[in-house]
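Asker: I would like the entire structure built from these sequences, with the hints used as guidance.
4 protein chains.
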Amino acid sequence: MKTRKAGIIGGAGYTGGEAIRLLLNHPDVELAFVHSRSNAGNPLHAVHGDLLGETDLLFSGEIDNTVDVMFLCLGHGESKKFLEQNDIAASVKVVDLSQDFRLGETVKDRTFVYGLPEANRDAIKEASNIANPGCFATAIQLGLLPLAKAGLLGEVHTTGITGSTGAGQSLQATSHFTWRANNISTYKVLQHQHLKEIRRTLQAIQPAFGGGIHFVPVRGDYPRGIWITSYLDCKLSLDEAYALYEAYYEGHPFTHVSRKQIDLKQVVNTNKVLVQLEKQGDKLVIHSIEDNLIKGASGQAVQNMNLMLGLDETAGLKLKSIVF
Amino acid sequence: MKTRKAGIIGGAGYTGGEAIRLLLNHPDVELAFVHSRSNAGNPLHAVHGDLLGETDLLFSGEIDNTVDVMFLCLGHGESKKFLEQNDIAASVKVVDLSQDFRLGETVKDRTFVYGLPEANRDAIKEASNIANPGCFATAIQLGLLPLAKAGLLGEVHTTGITGSTGAGQSLQATSHFTWRANNISTYKVLQHQHLKEIRRTLQAIQPAFGGGIHFVPVRGDYPRGIWITSYLDCKLSLDEAYALYEAYYEGHPFTHVSRKQIDLKQVVNTNKVLVQLEKQGDKLVIHSIEDNLIKGASGQAVQNMNLMLGLDETAGLKLKSIVF
Amino acid sequence: MKTRKAGIIGGAGYTGGEAIRLLLNHPDVELAFVHSRSNAGNPLHAVHGDLLGETDLLFSGEIDNTVDVMFLCLGHGESKKFLEQNDIAASVKVVDLSQDFRLGETVKDRTFVYGLPEANRDAIKEASNIANPGCFATAIQLGLLPLAKAGLLGEVHTTGITGSTGAGQSLQATSHFTWRANNISTYKVLQHQHLKEIRRTLQAIQPAFGGGIHFVPVRGDYPRGIWITSYLDCKLSLDEAYALYEAYYEGHPFTHVSRKQIDLKQVVNTNKVLVQLEKQGDKLVIHSIEDNLIKGASGQAVQNMNLMLGLDETAGLKLKSIVF
Amino acid sequence: MKTRKAGIIGGAGYTGGEAIRLLLNHPDVELAFVHSRSNAGNPLHAVHGDLLGETDLLFSGEIDNTVDVMFLCLGHGESKKFLEQNDIAASVKVVDLSQDFRLGETVKDRTFVYGLPEANRDAIKEASNIANPGCFATAIQLGLLPLAKAGLLGEVHTTGITGSTGAGQSLQATSHFTWRANNISTYKVLQHQHLKEIRRTLQAIQPAFGGGIHFVPVRGDYPRGIWITSYLDCKLSLDEAYALYEAYYEGHPFTHVSRKQIDLKQVVNTNKVLVQLEKQGDKLVIHSIEDNLIKGASGQAVQNMNLMLGLDETAGLKLKSIVF
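Protein sequence lines correspond, in order, to chains A, B, C and D. Sequential numbering from 1 applies to the first sequence in full-length UniProt numbering. Sequential numbering from 1 applies to the second sequence in full-length UniProt numbering. Sequential numbering from 1 applies to the third sequence in full-length UniProt numbering. Sequential numbering from 1 applies to the fourth sequence in full-length UniProt numbering.
Worth flagging that the hints you see were computed from the coordinates, not collected in a lab. Just to be clear, a hint being listed does not mean it is correct.
Repeated chains share a single entry, so a pair holds when one copy, or any two copies, can fit it.
[As the list claims (entries may be wrong)] Below, in silico cross-link-like pairs of lysine-lysine (DSS-like), each with a Cα-Cα straight-line distance of 25 Å or less:
(1) K279 x K260
(2) K125 x K80
(3) K149 x K260
(4) K5 x K81
(5) K5 x K125
(6) K108 x K196
Answerer: This is the structure we're talking about:
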C-alpha cells in the first residue's frame, strides 16, 4: 500500500529519469506527477524509452502541492529560481539534486540539510529540505569520513574517474561517441567545484583539517560509475585502518568495506558504495566506488526521502547490479 | 513473507549469478541454497563481487531436497547428467537453463515443458519441469509468434547481435578484451543450434511453416543484450501487422510492442522484450530485443518459476533498466 | 620528391581529416591547400588535434587552381553546388566523396567514373573525375563482384554493421556517447541509399541480375569499421567459390581473400578489404570488411588519385592497422 | 633501397606484432626474420591476422646472426635468459623491450643504454645495446624531464591510465571482455615497478631529486594508450613552464608541447607524445600521453634502432593516428 506521494520537477534529464525509475518501483511512495515544461502532455516513455510497458504516466505542466515530497532534478542555478518563482506548499519536503543549497544557502524560509546519510543521518530524519550531495563529492567523502571522525585527515591526493552520464544529456564535443569512445581526458584539474562541499563536511567533523584535497577528475570511457582513489599520510596499520572503517560503516545499509580488490562494476546500477583500503609505506590508500546517477544522485535522493518520511532507509533501493 | 524456497545448482557462472541476484530480492521465494562443487564453503560474494553487502550466504556442497524449485544453471549436457546422478525429490520442480531438454528429451520420469510463457503459459502453470529457452531463441520467437498464430510465417531472414555474456565466463581468444573491444565477427552463420527449438515452437503453432529461418549471429562489442532483426514476405499493411502484434501481446506483462524506433538499452538489465515493426515493399521487418541473461535466461527462469508456483508472474522481476 | 599537388575542399570533417592525414605522408603528392570557409586562417591542428607536430599548414579560404587534383569532402548535395559555383580549372582532376555523381550525374562538362578500382580500374586511370563510392557500397560490392562477373548473382540478403564515424561529426541523439555506448539499433532497413549505386555496378557486370539486395544496416557500438555478411543461393562448392574469388582479386593490392575466419579489426585504419566465404547447404555466405573512412572513403579516394595520376596504386596507403 | 636488416625474437606477442608492422613498412631496414619457437613455420598472418595481404613471411625457428639489429620482444626475465643461452654475434645490436636491463644490468659483455631519446639521444647513437623503457615510464618521464633538467623536480603525484594491451595477450580474469568493458580498477598502487627506472633517469639529471613519485596506475576501459597526469609544487608561472618545456622539446621529433587541452586519441597508433601544462595555485599540472605499444614499446624501439644505425630518427615512424 503506497501511503506517500512524490513529485519530480525536471523529469526529462538523466537524474530525473533515474528518480522516475526508482519511484515507479518504490513500495511505499506513489509517483504523483513528473513536471516538465517542454514535455507536458507526452508520455514519460516518449522521453525515457525504457519506461515503455512500465507506466502510462504523462509529463505534467502542473505542480501538485499535495505531495509529501518533491525532487528537484534541475540544472545548477535552476533550483533556486524554481523555488523563488513557484509557490510550493510549506508542507512539501524538498530534495534538491543541484548544487544550489549545498553550502548553506537558503531560499524563502527553507534551510537545507546536506543529504549524506553516512555523515548526517539524524539531521536528515528531521529535515524538511535536503541538499543532495554531488556525485564526486559523495564518493570522495565516503572514502574519508572515518578518518575525519578519528581526526586523522591530512593533505589528500585524489584521482576520480567518471562515466559520461556525469556530464548530462546535452550534446557537446566531449560527449560525441566518436570522440569519447576509447578516449581519456581530464577537466577542472585541482579546481573541481565539489571540493567546497567536501571540505565543508569534513571540516565540520574534524575542524583542524586544513582542507587540502588535490583532486584530478578524469573523463572515463563508459557511461556509468565513479572510481575514486585517495591517499594520504597515515600512521594506522592496514588492519587498524580496516577496523576503523568497518566500525564506522557498521549499520550503514549502503556503504560496505571490502577487504578484497574492488572494481567499478560491483556497484553500477545500485545505491551501494564499496570502500577498499591499501597501505604502502606511510600512505593509506582508499578506493571508493559508486554509481554516479544512483548513490551519486537519484538513489541517494530517494534514500534521503525515505529517512525524512520515516520509511525504511532501503525501501525501493534494493537494486540488481548490472555487474557484467 | 517468503513462503516458498528455491535452490540453484551451478551458481558460479553468469546465469547462476543472475538467478541469485533475482532470487535475493524476490518477495515470495527464499533462496535456500546455492550449490557449487568448486566453491562450497565460500561466500557468494567471493565469486560474485557485487553481492558484497547483499548477502552472507555461502555456496553449499549439499543439495536440499525440501525446496519447491531448483534452477539448473549448468553447461549444455551437464543438466541431464546432474539429474541422472543425483536423487532429486519428485516434489521438487526443476527449471533447466541448458539446452538439454528443449526438444522433448526426458530424464527419469521428468518431462519438460518449453518455458516460453508468451507461447505456453497454461502448460507452464501445470508443469513440474521447465526447459528454459535459449537466449537467441527467445528473442527470435517473440518476434515471430504473432505471425505463426495467424498462419503468416514464411521464409525468414534474421540478423542477431549478442553481447559477450552470451559466450559465458570461460576465457577464450574471442572473449579477450583487447580482441573484442571495437570488433565485430560472426559465428555459426546459418547453422546456430537455437534454430531447432525455434522451429519446433513455430511449427507447433503453424504446422504448415516450412521452418526456413536464415540466421546470421554476430558477436557484438558490448557485454549484455540481444538485438534481432527479422524480415519476411508479408501481405499485411504496417497497421494490420501492428494490430496483430498488439492483440497477441495484450496481457503479456514482459513483451511490449513499440510504434517508435527501439534501441537495445531500453531493455538491458530487465526481463522485458520490445518488438517494433516496419514495412518496406512486400517485406515485414520485425525488430525484437532483450537482455540475454534475464529474459534470455535467468529472468525468464524466474518468470517460469512464478507461473509454476502460482505466484504473480512479475514477482521479483520489476527491474530497473540500465538505460544509459 | 613530391611531383604532384593536391587540394582538399571541406577539410574540417571526418573524411577531410583522413584525406589530410593520408596526403601529409604521401611520397609523391604534396598537400597544397586545405579549404574550409569556417576555419580559414586556423592551423589544421586546431580542428584535427592529432596533427599537432605533423604540420603547421593553415586552412585556406582560397582555392588554388594549379593543383593536379582536388578532393571534395563535402556533404551530399554540396559537391554539385561547389562545382557549379566555383571556377575550377579544367586541368584539375576531381575526386568527389559525396553521393552526388555516383549514378551518372554530370556538372558543367564533367562526367564522373565510379571509383571502385576492383571493378573499374582501367576507366579510372583514364578519368578526370571520380565519384568515390559509398562506404557500405564499397564493402558490399567487393563481396559480390566475383559472383557478378561469373553471372552467379541472385537475390542477396545482407547485414551491415557500421561504426559511428559513418554518421559524421555532427552532434545528434544517436551519436551521444551515453546513448550509443553498449547499444545497438538499425536504420534505413531495406531502403539504404547505397543500394542504388550497388545495383548500378552489379547490373553493368551481370545485366541479368534482378537487383534484389535486402540490406539491414546496423549502428555498431564502436567508432570505425564496416562488417558485411551477405548470403545467397549458389551452386558452387566452397572450394569453387574460393577459387573464383581468389582469381578475381589476384593482383588487386587492397582486397584479399581469407580462408580463415576474419574479424573487423584486421582492417581498421587500413585501406584493405578482407573477404571470407562459407557454404551452408545451398547458401554461399560472404563476409567482407573495411575501414569505412579509409577504403570506404578517403583511402579509396587517394587510391583513385594514384590511378588517375599514373602513380603506384598503393602510394601513401601502406598503413599500420590498429589491430588491437 | 633497404640497406640494413633486422630480426625479431618473440614475434607472437603484442610488442612483437607491432615491431613487425613497423619494420614491414620501414624504408631502410628489411625484416629478415621473426623468431618464434611455438609458431615456427607458420605464416606471420596466422598469428597476426591483420598482416594478411601484407607479407608472406613465415615465423622462423632459426636465428640469423647476420642482421644489424635484433629486437627482443620477450617477457620480463626472458631476455636475459635468451642472451645467456644463445650465441648472438657481437656485431648484432640489441634492442631489448623487457625490463631486464633498465637498471644497469649486464649480460656477457653487453651493457645497455636506457633508450629514451629525449633524455639520452647521444648515448643511444653510440650504443650497441638498448634497454627500451617501460610504457608508463616513458610517458611519466617525458612529462618530467624538463623540470629535472631545470632542477625543479620535487615530490610528484601521478595518475596513470592504461589500455588493456599494456597487460599483454595472456587470458586472465582482468582481461575478460565481459569484466573489463565499462569497468575501472587499479593495480600496484604506489608500488609500480616502473618507478625504479623513472627515478634512475631523473636522479641522473637532477641528483638532488629525492625520488618521491606517488603513482596510481589505473586499468582503463579501452585497448590502447596511456594517459598521465602529474602535479607538483612549482614556482614557475604557466608561461614560464611552457617556455621551459618548449625549449626542452625543440628539435625532438616525437614529443610536442600543446597549449590546448589534449585527449588520448590524438596520439593513439602513433609514436608521438603530447605534453600539456596547467597551473593551479602553487601546483604545476603536467599531462602527457602516448600509445603504450608504440612510443611506449615497439615504436620507441624502432626509434632507438634508427639512432643506433645512423638513420633518420623518424624513418618508418610517420604513422597515421587512429584519431576517431
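Asker: Next step is simple, just say for each hint if it's right about the structure.
Answerer: Now for the hints, and whether the structure bears them out:
no.: 1; hint: K279 x K260; verdict: within (13 Å within a copy, 37 Å between copies)
no.: 2; hint: K125 x K80; verdict: within (23 Å within a copy, 54 Å between copies)
no.: 3; hint: K149 x K260; verdict: within (24 Å within a copy, 41 Å between copies)
no.: 4; hint: K5 x K81; verdict: within (24 Å within a copy, 53 Å between copies)
no.: 5; hint: K5 x K125; verdict: within (17 Å within a copy, 36 Å between copies)
no.: 6; hint: K108 x K196; verdict: within (23 Å within a copy, 59 Å between copies)
Consistency with the previously given hints is maintained throughout, with no hint failing.
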